[in-house]
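K.L.:
Quick note, the sequences are listed as chains A and B, same order.
Counted from 1, the first sequence has number 78 at position 78 by my numbering; the numbering is strictly sequential.
All you need for my numbering is the position in the second sequence, starting with 1, plus 510.
Hint data in this document are derived by calculation from the structure and do not stem from the laboratory.
Be careful, since some hints might not be right.
As the list claims (entries may be wrong) - For lysine to any residue, the following SDA-like pairs were computed, each having C-alpha atoms within a straight-line distance of at most 25 Å: (1) K590/B to H378/A; (2) K594/B to P615/B; (3) K594/B to S271/A; (4) K548/B to V30/A; (5) K182/A to V514/B; (6) K584/B to E217/A; (7) K193/A to V514/B; (8) K370/A to E214/A; (9) K411/A to K507/A; (10) K182/A to G527/B; (11) K616/B to D207/A; (12) K616/B to Q5/A; (13) K580/B to M218/A; (14) K397/A to D344/A; (15) K594/B to E251/A; (16) K584/B to S271/A; (17) K580/B to G211/A; (18) K590/B to L485/A; (19) K616/B to V34/A; (20) K616/B to S271/A; (21) K606/B to A583/B; (22) K193/A to E526/B.
Unchecked claim - Listing some non-contacts, in silico: residues in chain B with all C-beta distances to chain A over 10 Å: (23) L532; (24) E537; (25) E553; (26) N554; (27) Y569; (28) N593; (29) K606.
Ideal Cβ placement from N, Cα and C applies to all residues, glycine included.
Spelled out from the first residue to the last, the chains are:
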Amino acid sequence: MAAPQFEVPKLSDSALTEVPEVQEGAMSHVKAFVAGQAAQEFLGYPWELGDDWKERVIGRMGEVLQKYRSVRVFLDACVHCGACTDKCHYYLGTGDANNMPVARQDLMRKVYRRYFTLPGKIAPWLVGAEDLTRETLDQWFNYYHQCSECRRCSVYCPYGIDTAEITMAGREILNYAGYGQKYSNEILAKVQKIGNNLGLPGPALEDTLAGLEEDIEMDTGVPVKMPLDVEGAEILLVTPSADFFSEPHVESLIGYAKVFHAAGVSWTLSSHASEAGNFGLFNGSYEQMRTIAMRIRDAALELGVKRIVVGECGHAWRVAYSYWNTLTGIGYGGDDPFAKQLQDQLDPRYPQPMHICEYTWDLIQQGVLKFDKSANDHRVITFHDSCNVARGSRMGKEPGGQFTIPRNIIKAVANNFHDMAAETIGESTFCCGGGGGVLTDDLMEVRVKGALPRMNAYNAVAKDQGVNFLALICAICKAQFTKVLPYYGFDMGQVGGVHQLVSTAIKLED
Amino acid sequence: MATVNIAGKDIEVDEEGYLINLGDWNEDVAAYLAQEEKVEMTENHWEVVNFLREYYSEYQIAPAIRVLTKAIAKKLGADKGNNKYLYELFPYGPAKQACKIAGLPKPTGCI
Numbered sequence: 001m002a003a004p005q006f007e008v009p010k011l012s013d014s015a016l017t018e019v020p021e022v023q024e025g026a027m028s029h030v031k032a033f034v035a036g037q038a039a040q041e042f043l044g045y046p047w048e049l050g051d052d053w054k055e056r057v058i059g060r061m062g063e064v065l066q067k068y069r070s071v072r073v074f075l076d077a078c079v080h081c082g083a084c085t086d087k088c089h090y091y092l093g094t095g096d097a098n099n100m101p102v103a104r105q106d107l108m109r110k111v112y113r114r115y116f117t118l119p120g121k122i123a124p125w126l127v128g129a130e131d132l133t134r135e136t137l138d139q140w141f142n143y144y145h146q147c148s149e150c151r152r153c154s155v156y157c158p159y160g161i162d163t164a165e166i167t168m169a170g171r172e173i174l175n176y177a178g179y180g181q182k183y184s185n186e187i188l189a190k191v192q193k194i195g196n197n198l199g200l201p202g203p204a205l206e207d208t209l210a211g212l213e214e215d216i217e218m219d220t221g222v223p224v225k226m227p228l229d230v231e232g233a234e235i236l237l238v239t240p241s242a243d244f245f246s247e248p249h250v251e252s253l254i255g256y257a258k259v260f261h262a263a264g265v266s267w268t269l270s271s272h273a274s275e276a277g278n279f280g281l282f283n284g285s286y287e288q289m290r291t292i293a294m295r296i297r298d299a300a301l302e303l304g305v306k307r308i309v310v311g312e313c314g315h316a317w318r319v320a321y322s323y324w325n326t327l328t329g330i331g332y333g334g335d336d337p338f339a340k341q342l343q344d345q346l347d348p349r350y351p352q353p354m355h356i357c358e359y360t361w362d363l364i365q366q367g368v369l370k371f372d373k374s375a376n377d378h379r380v381i382t383f384h385d386s387c388n389v390a391r392g393s394r395m396g397k398e399p400g401g402q403f404t405i406p407r408n409i410i411k412a413v414a415n416n417f418h419d420m421a422a423e424t425i426g427e428s429t430f431c432c433g434g435g436g437g438v439l440t441d442d443l444m445e446v447r448v449k450g451a452l453p454r455m456n457a458y459n460a461v462a463k464d465q466g467v468n469f470l471a472l473i474c475a476i477c478k479a480q481f482t483k484v485l486p487y488y489g490f491d492m493g494q495v496g497g498v499h500q501l502v503s504t505a506i507k508l509e510d
Numbered sequence: 511m512a513t514v515n516i517a518g519k520d521i522e523v524d525e526e527g528y529l530i531n532l533g534d535w536n537e538d539v540a541a542y543l544a545q546e547e548k549v550e551m552t553e554n555h556w557e558v559v560n561f562l563r564e565y566y567s568e569y570q571i572a573p574a575i576r577v578l579t580k581a582i583a584k585k586l587g588a589d590k591g592n593n594k595y596l597y598e599l600f601p602y603g604p605a606k607q608a609c610k611i612a613g614l615p616k617p618t619g620c621i
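With the rest of the complex left out, here is chain A (with noise of 0.2 Å):
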C-alpha cells in the first residue's frame, strides 16, 4: 500500500480556486476496486458482467425511470447551460471534462436517449443518442465513483437537476450488471451482517467503550459511562462505527457522552444497531437503505427509548432526517404496526430523530451546560460544513440551522472562530473531497485532487487568522482531512469533531 504517485495541485494565494483549463481523460485512468464474488452475491447481484450484461443494464435502467421519475426529469430537462461546469470540486480539482457534472450526466445521458426517448430511436445522431458500448459502461464506473453526491451543483443549477442522483442510479444500475465498487459494497455487507460498517462484533464494542470509560476518568476524575444495550434508557445514540475506532472520531464519541452525564439523562448505544452510517443511499438502492435503517428501528423498539439521537455524521444525517420517517417510521411517515408502535413509543415533545448538535445546542441555551472556553485557546478554529446536512437537511427550527447550530456550539465553548470564504460554506459548501463512497485508498488520487477547493479556503484563513483547527460533524470529512491535509502540508493533528471541543470545554461535575 505504497502511497499512490500523482502530482498534488498546488495551492493558490486565496481561499477561491481558480477554474482549470479542460484536460481530457486525466482522470480515466482512476479506477475504483471492483466488488467481488462475496460481497456482491449478499448484497444479491451478480457478481460479473456475463454476456447478457447489455440487456441487464437497459433493463434495470427502465425499472430506475419507472421508479425514481426524478431520474428521467433530471435526465430530460438539461439544456446544457454550462452553469454547473465549474461548480464541482472534482472539475476544479483535476480539470477532466468528464468531472464536469454536465458531463457525468451525459454519460448516461446519452444512452437513455438511445433506448428510452423516441427521437434517439429513430435519429439518434441528431439528438446525441448513443449505443450502449462497453467503453460507455466502463466510464459509468470511473466517473460515477468520482461524483461524491454532494449536490453542489445542484444548487446553482437553474432547473435543479441533481446530479447525486444521476450517480445513486448509474451505481444502481452497475450494481445490477454485476459491476459494483469494492468498497461500498463490502460496508453494505458488512454493517447487514455484524451491525457496523467497521464490522466491530459486540464483544470489540464493549471492550471498547469500558477502555474509554477508563481513559474519561483518568483524564478527568469524574465517572462518565459509556452504556451499551441498556433497555428502558431515555436516549438511543446511533453514531458511525468509526466513532468507536478512530482519531478523532473518538474524541467527539466521548464529547457526546460527557453531554449527556452533564445532562444527567440515562441514555444508550446498541450493539445491533452500533452504525448511523447507511451507505444504500450512496448506491442509489433504496431496499438496502431500508434494511440497514431497520436495525435502528428495532434496537429503539427492543431497548423501549423514548428519544433517538444521531452522532457527527454527515450522510447518516441526511438518512435520518430525510428518509427515516417513510423508511422505518421514526418521525411520521411509516404506517405498517411496528412503526406506529415506535411512534408511540417516542417523546412527542422533541423532534425525532434529534441530531446531537441540536441536542447539545438546547441544553447551552437552557444553561444545563457549563464550559470553560479558555481551554480550546489552543485553537483557533473554522467549520467545514458538511455537503448532506448542508444540502440535505436540517436542524433545529429555524431555516439554515444546519448552519448556524453547530457554530454556536463552537462559539460557546471556544474564544476563536473564524469562518472560510462565504462561497465555500453554508449551501455553497465544497465537499471534502471523500464523501459519497469515495473514501478508499485506491480512490486517493480522486480524494486529494478533489479537496483542493477546501483546502485553498482552509488555507486562506490558516495564514490570514491563523486557524489550526478544522472542526467537523462527519466521520467521512475526519477521516479524509486527517488524510488529505498532509498533503496540503498541514498537520493531520488539525482535524477534529466540533463535540471534541465541546469535550475539551465542559466542565463536570461528578
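With chain A's structure known, arrange chain B on it following the hints.
P.N.:
Frame of chain A, contents of chain B only:
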C-alpha cells in the same frame, strides 16, 4: 486474485496485497509484507503486530486506535502510547499498514 511466492509457498493476496487467508501468516510473510510497505521492522514494530494478532484472535477485528495506544503504552512506556508514535512506526497509518503486516483484513469504513 493475485498470488505471491514467499519462501517457496504461493500465497493469495488481494488487490492491495492483504492476505486472503489469515492462516497463511507467519513471520516470513510479515517480513515480506513489511518490505513491500517499505517498513523496517524493529522490536517495537513487532510489539504492535503481535498485539494486533492477539486482539484479532479474541475479537475478530483489529483493535480501535485507543485500545492499541493503551496496550502499547503498557508495553513500551507512556511516551509511546499515542497516535503520533504509531504513525512514526507505520507512516501510512497504524490501522491499515500494521494490519496488513499482521496478516489481518484491511479495516474499512469511514476511517
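K.L.:
None of the hints should be skipped; say for each whether it holds.
P.N.:
Hints, verified against the model:
The straight-line distance between the Cα atoms of K590/B and H378/A is roughly 23 Å, inside the 25 Å bound, and the hint therefore holds. Only pairs whose Cα atoms come within 25 Å are accepted, and K594/B paired with P615/B is accepted, the gap being roughly 23 Å. For a cut-off of 25 Å, the pair hint linking K594/B to S271/A is broken: about 30 Å separates their Cα positions. Between the alpha carbons of K548/B and V30/A the distance comes to roughly 24 Å, so the proposed pair stays at or under 25 Å and holds.
Only pairs whose Cα atoms come within 25 Å are accepted, and K182/A paired with V514/B is accepted, the gap being roughly 21 Å. A C-alpha spacing of about 18 Å is found between K584/B and E217/A, which places the hinted pair at or below 25 Å, so the restraint holds. For a cut-off of 25 Å, the pair hint linking K193/A to V514/B is broken: about 30 Å separates their Cα positions. This hinted pair checks out: K370/A and E214/A have alpha carbons roughly 23 Å apart, not beyond 25 Å.
Note on K411/A and K507/A: the hinted pairing holds, with a Cα-Cα distance of about 16 Å set against a maximum of 25 Å. Straight-line distance between C-alpha atoms of K182/A and G527/B comes to about 15 Å, which keeps the hinted pair within the 25 Å bound. Only pairs whose Cα atoms come within 25 Å are accepted, and K616/B paired with D207/A is accepted, the gap being roughly 20 Å. For the hint pairing K616/B with Q5/A, the CA-to-CA distance comes to about 21 Å; that is within 25 Å, so the pair holds.
A threshold of 25 Å between alpha carbons decides the hint, and for K580/B with M218/A the separation of about 12 Å falls inside it, so the pair holds. For the hint pairing K397/A with D344/A, the CA-to-CA distance comes to about 22 Å; that is within 25 Å, so the pair holds. Between K594/B and E251/A the CA atoms are separated by roughly 15 Å; this keeps the pair inside 25 Å, and the hint holds. Among the hinted pairs, K584/B with S271/A is inconsistent with the structure: their alpha-carbon atoms are about 28 Å apart, more than 25 Å.
At most 25 Å may separate the alpha-carbon atoms for a hinted pair to count; K580/B and G211/A meet this at roughly 9 Å. Straight-line distance between C-alpha atoms of K590/B and L485/A comes to about 24 Å, which keeps the hinted pair within the 25 Å bound. A C-alpha spacing of about 16 Å is found between K616/B and V34/A, which places the hinted pair at or below 25 Å, so the restraint holds. For a cut-off of 25 Å, the pair hint linking K616/B to S271/A stands: about 22 Å separates their Cα positions.
The straight-line distance between the Cα atoms of K606/B and A583/B is roughly 20 Å, inside the 25 Å bound, and the hint therefore holds. Proposed proximity of K193/A and E526/B is supported: the alpha carbons are some 24 Å apart, at most 25 Å. No Cβ of chain A comes within 10 Å of the Cβ of L532/B; the nearest lies about 14 Å off, and the non-interface call holds. At roughly 20 Å from the closest C-beta of chain A, the C-beta of E537/B stays outside 10 Å, upholding its exclusion from the interface.
Remark: the non-interface label on E553/B is consistent with the geometry, its nearest Cβ contact in chain A lying 23 Å away (cut-off 10 Å). For N554/B, the condition that its CB be more than 10 Å from all CB atoms of chain A holds, with the nearest at approximately 19 Å. With a least beta-carbon separation of about 4 Å from chain A, Y569/B fails to lie farther than 10 Å from that chain, contradicting its non-interface assignment. With a cut of 10 Å on Cβ distances, N593/B falls inside the contact zone with chain A, its closest approach being about 5 Å.
Distance to chain A contradicts K606/B as a non-interface residue, since its nearest Cβ pair spans about 6 Å, not more than 10 Å.
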